[in-house]
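Colleague: Chain order of the listed sequences is A and B. Counting in the working numbering, the final residue of the first sequence is number 245, and the numbers go up one at a time with none missing. Counting in the working numbering, the final residue of the second sequence is number 338, and the numbers go up one at a time with none missing.
Because the hints were derived from the structure by calculation, they are not lab data. Here the structure is a predicted model, which is why all the values come from computation and not from measurement. Where a beta carbon is used, it is the ideal one built from N, C-alpha and C, also for glycine. Treat the hints loosely; a few may be bogus.
[As the list claims (entries may be wrong)] Derived list of chain B stretches under chain A, where covered just means 3 residues or more per stretch with a C-beta under 8 Å from a C-beta of chain A: (1) 16-23; (2) 86-95; (3) 203-213.
[To be verified] Below, computed lysine to aspartate or glutamate pairings styled on EDC-like, alpha-carbon distance capped at 20 Å: (4) LYS68(B) <-> GLU106(B); (5) LYS22(A) <-> ASP56(B); (6) LYS59(B) <-> GLU8(A); (7) LYS59(B) <-> GLU26(A); (8) LYS258(B) <-> GLU83(B); (9) LYS184(B) <-> GLU198(B).
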Amino acid sequence: MSWTPIIEGVSEAVRLILSADKTVMEITFRSLQTAGYATLMASLVGVPISVLIAMAEFRGKGTIKFLFNAMVGVPTVTLGLFLYTLFSRSGPLGSLGLLYTVPGMALGQAVLILPILVSFTVSAIESKGQELRDLARTLGASEYQASLVVVREAYSGVTLALVSSFNRAFAELGIVTMLGANIRGVTRVLTTAIALETAKGELGLSFALSFILLAMVLSLNFLISIFQEGRLGRQGWLRPIVGER
Amino acid sequence: MSSLAGFKINRSVMIVASLLVLVTVGGTYWYLTRPVEKESLIVSTTTSLYETGVLDVLKTRFETNNPKYNVGFISQGTGLAIETAKRGDADMILVHAPSSERAFMESGYGVNRKIFAYNFFIIVGPADDPAGVKGLGPVEAMLKIRDEGLAGNALWVSRGDNSGTHVKEKSLWTLTGLNLDEIKLEPAGGAEGAWYIEAGAGMTATLQLANEKDAYTLADVATYLKNVKNGNIQLVKVVDSGEATLNVYSAIVCAPDKSPRGRFEASMRFVQFLVSSETQTMLETYGEEEFGSTLFKPWVPELANPGSDIVTWVEEQAYFDGSECPTQYRHQAGSLYR
Numbered sequence: 001m002s003w004t005p006i007i008e009g010v011s012e013a014v015r016l017i018l019s020a021d022k023t024v025m026e027i028t029f030r031s032l033q034t035a036g037y038a039t040l041m042a043s044l045v046g047v048p049i050s051v052l053i054a055m056a057e058f059r060g061k062g063t064i065k066f067l068f069n070a071m072v073g074v075p076t077v078t079l080g081l082f083l084y085t086l087f088s089r090s091g092p093l094g095s096l097g098l099l100y101t102v103p104g105m106a107l108g109q110a111v112l113i114l115p116i117l118v119s120f121t122v123s124a125i126e127s128k129g130q131e132l133r134d135l136a137r138t139l140g141a142s143e144y145q146a147s148l149v150v151v152r153e154a155y156s157g158v159t160l161a162l163v164s165s166f167n168r169a170f171a172e173l174g175i176v177t178m179l180g181a182n183i184r185g186v187t188r189v190l191t192t193a194i195a196l197e198t199a200k201g202e203l204g205l206s207f208a209l210s211f212i213l214l215a216m217v218l219s220l221n222f223l224i225s226i227f228q229e230g231r232l233g234r235q236g237w238l239r240p241i242v243g244e245r
Numbered sequence: 001m002s003s004l005a006g007f008k009i010n011r012s013v014m015i016v017a018s019l020l021v022l023v024t025v026g027g028t029y030w031y032l033t034r035p036v037e038k039e040s041l042i043v044s045t046t047t048s049l050y051e052t053g054v055l056d057v058l059k060t061r062f063e064t065n066n067p068k069y070n071v072g073f074i075s076q077g078t079g080l081a082i083e084t085a086k087r088g089d090a091d092m093i094l095v096h097a098p099s100s101e102r103a104f105m106e107s108g109y110g111v112n113r114k115i116f117a118y119n120f121f122i123i124v125g126p127a128d129d130p131a132g133v134k135g136l137g138p139v140e141a142m143l144k145i146r147d148e149g150l151a152g153n154a155l156w157v158s159r160g161d162n163s164g165t166h167v168k169e170k171s172l173w174t175l176t177g178l179n180l181d182e183i184k185l186e187p188a189g190g191a192e193g194a195w196y197i198e199a200g201a202g203m204t205a206t207l208q209l210a211n212e213k214d215a216y217t218l219a220d221v222a223t224y225l226k227n228v229k230n231g232n233i234q235l236v237k238v239v240d241s242g243e244a245t246l247n248v249y250s251a252i253v254c255a256p257d258k259s260p261r262g263r264f265e266a267s268m269r270f271v272q273f274l275v276s277s278e279t280q281t282m283l284e285t286y287g288e289e290e291f292g293s294t295l296f297k298p299w300v301p302e303l304a305n306p307g308s309d310i311v312t313w314v315e316e317q318a319y320f321d322g323s324e325c326p327t328q329y330r331h332q333a334g335s336l337y338r
């Protein structure tokens, strides 16, 4: 007992990765793909909304910001349950056939991460301030071009928002369980596979899958951080890759 | 590349490019591996069947014989499995709670019920058997566990999740003549907690809880053996087989007029496949290699011995009005009941 499952888990994870286990690869790809679609959808909707909230002045702006901030903490099972009743065959959106599909899960995750994305992006843009936009405007930029300038300056903040959203979607269990139901070869992703193996008492395999999930999150974030504001990039050893300033 | 702006654009281009590559690779992979032009058959099923791996074997065999179909299992407790089917999100169910099954068919959601396997629930407990129930029948054993529970010597863990096992446990408590709502609240030997613990969890989690607490619980043989083999639990079988612990698995197809997915024909094929002699033979030996013991007993061969103990028990406990599926609940059953 004791440490055995963890040790088994590490060696099993290494074995699964080295042997490029077909099932594990498939599940990992599906996880990436679902979270990727979700981030794409959420950013297509979320970034324009954020720019609007951050830069426009209108009544109820504070309330909308508050709502998005509050929604960051919504429990995934609650959201999953709500979306399940929407997507279910007997629900209002049942005819779309989204339940138990990858697009369905991705849509659910997109709804989950939208508030995170918006909150982070809004504060990133706001921190860059109104002055920058005014400056761009006085230099003859149109309203749209001025917005672009601000978004570009708020770049690292927006990247952080995207990365956090992706991470949240990738590591999330409640929504993929409710909307995907963990069907083998169709909707099984890393988190639901971990939950299943734990329920089956296969703790070693659960740990192995968990380590793979962690490894994916870490390496993705590492990749992003290389491109990010250049903390790693501009100092020393990565300079040849990212170039000098 | 030396200017600030140049660097920024370079960076964003790289991020966008890597994202694009990621999405493209993922998308292509999904496109290539998705079940193309196959009819998906969604079966909501009890966890005790799913977690043994027997359904994966059935899936492979069924899809080999019927390449047109792609079978997906949703592993849930019997209560939730029925609920999923009622919502129209599954095409058929594999469950083990006759009373819930009858209600499902009476409400018009299910047709063509077919029993395909059985085994026995067991009561498992700590190896030193503090309640001293080894060798008793299930009902006597549970009464004794309650007595010892009141004295603070034993604990009982219930699934508490409306699964087939939970339904069975409740019906066993009914047989003891005790009122479950009352005994749930009884304190354990003057101590703080109750002797009756509700887990609200799946079978494996419940077994692990019972193991940690040195408690007794009702389990299905398959999940119990699997956890023993994995070294997760040290609990031993204390009460074994007997009429009252019979566990009957049946398949029910969703009524076509209540099932918007329109997979009636595929579901019927799967039921036919379950009771085919090929599958029944497979069920008879399944688990020997992996668990050192068979897990299920095929039902169809038993029908050759009417009047045997097992047939009588199944007829008493899992037949409705003398039939596994009374005629009013049959729908285009073809040769299924011949």
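Colleague: Indicate, hint by hint, whether the structure satisfies it.
Modeller: Hints, verified against the model:
Note: the segment 16-23 of chain B has 4 residues with beta-carbon separation from chain A under 8 Å; the three-residue rule is met and the coverage holds. Figure legend: the segment 86-95 of chain B, annotated as covered by chain A; annotation consistent (3 residues with Cβ-Cβ distances under 8 Å, at least 3 required). Beta-carbon proximity to chain A at under 8 Å applies to 4 residues in the segment 203-213 of chain B; the threshold of 3 is reached and the given coverage holds. For the hint linking LYS68(B) to GLU106(B), the alpha-carbon distance of about 32 Å lies beyond 20 Å, and the restraint is violated.
Between LYS22(A) and ASP56(B), the direct Cα distance comes to roughly 16 Å. Compliance with the 20 Å bound is thereby established for this hinted pair. This hinted pair does not check out: LYS59(B) and GLU8(A) have alpha carbons roughly 29 Å apart, beyond 20 Å. Among the hinted pairs, LYS59(B) with GLU26(A) is consistent with the structure: their alpha-carbon atoms are about 18 Å apart, no more than 20 Å. Restraint check for LYS258(B) and GLU83(B): satisfied, since their Cα atoms lie roughly 13 Å apart, inside the 20 Å limit.
Distance hint between LYS184(B) and GLU198(B) is fulfilled; the C-alpha atoms sit about 9 Å from each other, no more than 20 Å.
When the structure is compared with the earlier hints, violations turn up for hints 4 and 6 and for no others.
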